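**Student:** Work the whole structure out from these sequences, hints included.
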Amino acid sequence: MDRVAIIGASMTQFGQRDAWIRELLAEAGQAALADADVSPDEIEHLYVSNMASGEFEGQTGVPNALAHDLAAMPAYTARIDQTSSSGGAGVYAAWQSVASGASDMTMLVGGEKMTHRSTAEATDVIASLTHPVEYKHGVTLPSFAGLTARLYLDTYDAPRESLGKVAVKNHKNGVDNPHAQFRKEVDLDTVMDSPIVADPLRLYDFCPITDGSAALVFCPESVAREYTDDYAVISGIGGATDTHVVHERADPTTMGGVVNSSEIAYEMADLEPDDIEVAELHDMFTILEFLQSEDLGFFEKGEGWKAVEEGVTDRDGDLPINTSGGLKSKGHPLGASGVAQVYEIYKQLIGDAGERQVDADVGLACNVGGFGNCVTTTIMESR
Amino acid sequence: MSDDVPAMEAYRYPDGSITYPGHPVGPGGEEPVGTVDLSDYTATVLTWTKSTATPPGVRQPNTLAIVEFDVDGEPVRAIGQVTGEDDVDIGDEVRPVYCEELREPGAGIREPASQEWDGYRFEPR
Chain A
1 MDRVAIIGAS
11 MTQFGQRDAW
21 IRELLAEAGQ
31 AALADADVSP
41 DEIEHLYVSN
51 MASGEFEGQT
61 GVPNALAHDL
71 AAMPAYTARI
81 DQTSSSGGAG
91 VYAAWQSVAS
101 GASDMTMLVG
111 GEKMTHRSTA
121 EATDVIASLT
131 HPVEYKHGVT
141 LPSFAGLTAR
151 LYLDTYDAPR
161 ESLGKVAVKN
171 HKNGVDNPHA
181 QFRKEVDLDT
191 VMDSPIVADP
201 LRLYDFCPIT
211 DGSAALVFCP
221 ESVAREYTDD
231 YAVISGIGGA
241 TDTHVVHERA
251 DPTTMGGVVN
261 SSEIAYEMAD
271 LEPDDIEVAE
281 LHDMFTILEF
291 LQSEDLGFFE
301 KGEGWKAVEE
311 GVTDRDGDLP
321 INTSGGLKSK
331 GHPLGASGVA
341 QVYEIYKQLI
351 GDAGERQVDA
361 DVGLACNVGG
371 FGNCVTTTIM
381 ESR
Chain B
1 MSDDVPAMEA
11 YRYPDGSITY
21 PGHPVGPGGE
31 EPVGTVDLSD
41 YTATVLTWTK
51 STATPPGVRQ
61 PNTLAIVEFD
71 VDGEPVRAIG
81 QVTGEDDVDI
91 GDEVRPVYCE
101 ELREPGAGIR
111 EPASQEWDGY
121 RFEPR
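These protein sequence lines map, in sequence, to chains A and B. 1 is the number of the first residue of the first sequence in the UniProt record's numbering; add one for each residue after it. 1 is the number of the first residue of the second sequence in the UniProt record's numbering; add one for each residue after it.
Simulated from the structure, these hints should not be mistaken for laboratory data. Where hints are given, some of them may not hold.
Covered stretches of chain B, as calculated for chain A (at least 3 residues, CB under 8 Å) [said to hold, decoys possible]:
#, region
1, 16-26
2, 43-54
3, 57-63
4, 75-81
Small disclaimer: the values here were computed from a predicted structure and weren't measured. Glycine included, each C-beta is placed from N, C-alpha and C at the ideal position.
**Tutor:** Right, dumping it as structure tokens:
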């Protein structure tokens, strides 16, 4: 079977941008086409990963708008909304379109415009994914993180500082990412002294609100060779869901969607967790990096915090995690984040990650929606 | 519970499992066969947080807990606000206390008519 290749990628500057959603998407889309040396009229399928352009900006119909702005008509278009995992779901849709033979050239653009909203408003838009019994109590995604972090620290006797070290590590990585929202190191004292947001988690345990966009160009590997020698392939991909009502999960410190999606991806790729050499995880909150690193099989349950303490997940460690700076430092423009995770792994695998470069031929991206409600895990290999 | 206060209604399924809230089908894929009023029971705090960055229409700070009821040997979890602003601890016993309005309807993004806004807070015992 012809494998699905990624032959071009881009991401815009993440952060507070003057551009609105249409402009952000077009910026990333044009850059990805240029990177892949593909003309707009070659695009057969065009997917847009976006959670809430209607709610944030009052702009709907963004896939068609992007097709027009890129002169990509008559490409088939669709918007992929899977909340914070819209990007990963978009990667899945794009992979599927090529793997199925429906398209020989597919582009995925993920983006979100958020910063014109107050923190409270943006938090509420995101919290609108919750069940009514959660929403009426004012439950937010950060409060889920606080609830889970407390249980994790208590259950596994992990020090509060271990969560802070995730923030320190990812901010350090973000310094070398020219597209990151924050390119500034923070020390542990700063993290531990920052204001409480959802006890025991503090401000630096949370990703920022971000504008930005990222894009990828997919085609069959046989077609990729006509365009470039520098491509990566998707060797495994899986998507899965967990309960909508978070408290109904048997173990609140286990993300079933991560477990199940990664099992599918590992099996498809014929790889094991030990084969992964670099990973981008969905560190919307520091606690999520522990949960995913365990549920992906990198570390035993309850041991993920020790890996961070021991430097295993540092850029120069045995398993670098979030070399991009992660959502924590790079920023989290909802629909773009899963696309930007794959962008980072792609750059690592083709040897184009600059100061962030690590020695890796196999990488993994795990994109989480809600509080583990929907997950896509993607495994990629160098050609 | 008095007749003028709504029940904290959980669904019971044929396999004995109970969920709060109820669903059209339970964890085993079967339709519910009955209900349980959780306000008749006490619960234990599984975990909790005090949220200081709350969305529109929500009290600030907002202390929340995931609690676990024991309904005749069957565990049932629920999430909700904790009464007052005091901290609670993992393992504390709480009882459900009815509240007519947990959050201001219409202040947030959700359509006010799309859901109920009353419910039960958890009061430490």
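**Student:** Each of the hints needs a verdict: does it hold here or not?
**Tutor:** Going through the hints against the structure:
1. As drawn, the region 16-26 of chain B meets chain A at 3 residues by the rule of a beta-carbon pair under 8 Å; at three or more, the given contact holds.
2. For the region 43-54 of chain B, the stated coverage by chain A holds: 9 residues have a C-beta nearer than 8 Å to a C-beta of that chain, and at least 3 were required.
3. With 4 residues having a Cβ less than 8 Å from any Cβ of chain A, the region 57-63 of chain B passes the three-residue criterion, so the hint holds.
4. With 5 residues having a beta carbon nearer than 8 Å to a beta carbon of chain A, the region 75-81 of chain B meets the requirement of three or more and the stated coverage holds.
Violation of the numbered hints given earlier is absent; every hint is satisfied by the structure.
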